[in-house]
Amino acid sequence: MVLNLTWWQDPQASMPQRELADFSIFLAHDRDELQQHAQSCDLVVIEASHGSEGPLDTEYLQSLPCPVVLLASDNDPDYRIIALNEGYADMICSQVSIVNLELRLHQLVDHDIANKQLQSMAATAQDVAMQAMTMSSDIGNNLQFLLDVAQCTNLDELGMRLFHSLNDYGLQASLQLRGRYEIKNMEANGMARELESQLLSEMHESGRYVDFGKRLIMNYGRVSLLVRNMPTDHEIRHGQLRDSMFSLLQGADSRIQSIDMNTQIQESLENQHRLTQRLQVVAQNIEESNAHIIHQCAAVFDAMNFEMEEALAILGMNETQEHSILTMLKKGQNQINQQVNVSAGIAQTFQRLLKHLSEN
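Just so you know, we're using this note's numbering here: the sequence shown kicks off at 211 and counts up by one.
What the hints contain is simulated information worked out from the structure, not anything from laboratory work. Each hint should be verified, as a subset may be incorrect.
[What the hints assert, rightly or not] Distance ranges between label pairs, derived from CB positions: (1) Thr559 x Tyr391: 30 to 40 Å; (2) Gln317 x Gln460: 51 to 61 Å; (3) Tyr270 x Asn377: 44 to 54 Å; (4) Gln305 x Tyr270: 45 to 55 Å; (5) Ile496 x Gly431: 47 to 57 Å; (6) Gln490 x Tyr391: 21 to 31 Å; (7) Met370 x Tyr419: 20 to 30 Å; (8) Asn481 x Ile504: 32 to 42 Å; (9) Arg488 x Arg390: 20 to 30 Å; (10) Tyr270 x Arg418: 46 to 56 Å.
Here a beta-carbon is modelled for each residue, glycine too, at the ideal position from N, C-alpha and C.
Construct the entire structure; sequences and hints are all you get.
If you want it as structure tokens, here you go:
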């Protein structure tokens, strides 16, 4: 494989141009050409004159995208240290053979490739670690939200808890919660914005995601969310936030259903309580009516007995006839009293049943 090499010779250097079989050489005459050729080359060779510390400064060397080799006639160790401190990848004595020069240059290219691969692997590992930490934080945030919403008893509490989780993600949003008995539009401060509320009402049946730039509308069941600051320059984080918020919306939708069921049960209990109170009043009226009827019946029978006794005294009946008539009257009175007592017992049983219902 032929490697690209940029060669720049110090004007004061008197060394002859080298011919390298494994390298395609581009000659640079000034810094601008050197910078241009270096963008597409694997290596840069700088020939310096005797006693020179290199024609390029450290800042310029660091700006080049590939290793820079100083080819100098002086092989003094102190000179080598100075060159390495300035930023050169290596210093090679110009007196070495072509074979050794090519070998040294190949080694530098190989080392540069290995270093770039290592840096790439390190960067990838760091990205993976950061993503894992971010995902772990997101999962913890979602789990905490699901635990907290179980304590929410109304849409206001649920909405504020959802905004608390969104704040952990650094997101600004508008929210709409659609319960059976109430539709709640709110911002992070608990109030509603007219424009956002109208938009969420019109878009809640437009699909699960409506994405337009930094703004994102999410719909799930009874919940709609308008996020105003989604990251557009980080696709992976954008997807992670969508997944995390989707879990939050699922939990919120489930809790709305529970709140609606609790409200329905509470209304049923209140209606049952009101009905029981009305029936208790009716039962009390029936009991009072039965007592009044019993009193009236007793008064009627007492009057009939008195009148019958007076009638028997002037009818001229014997004792057997009188006793038979009085016995029939007494029997009828007892039978009526039995029916009245049964009715009173039914009323009392009904009253006890109503009391039991009202207590439970």
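A quick look at each hint next to the structure:
1. Thr559 x Tyr391: 30 to 40 Å: Holds - the Cβ-Cβ distance for Thr559 and Tyr391, about 38 Å, lies within 30 to 40 Å.
2. Gln317 x Gln460: 51 to 61 Å: At roughly 58 Å between Cβ atoms, Gln460 and Gln317 fall inside 51 to 61 Å, so the hint holds.
3. Tyr270 x Asn377: 44 to 54 Å: holds (47 Å)
4. Gln305 x Tyr270: 45 to 55 Å: violated (27 Å)
5. Ile496 x Gly431: 47 to 57 Å: Since Ile496 and Gly431 have Cβ atoms about 49 Å apart, the given range 47 to 57 Å holds.
6. Gln490 x Tyr391: 21 to 31 Å: For Tyr391 against Gln490, whose Cβ atoms are near 29 Å apart, the range 21 to 31 Å holds.
7. Met370 x Tyr419: 20 to 30 Å: Roughly 24 Å apart at Cβ, these two residues keep to the hinted range, so it holds.
8. Asn481 x Ile504: 32 to 42 Å: Taking Cβ atoms as reference, Asn481 and Ile504 lie about 35 Å apart, which means the hint holds.
9. Arg488 x Arg390: 20 to 30 Å: holds (26 Å)
10. Tyr270 x Arg418: 46 to 56 Å: Between Tyr270 and Arg418, where Cβ atoms are some 54 Å apart, the hint holds.
Checked against the numbered hints above, the structure violates only hint 4.
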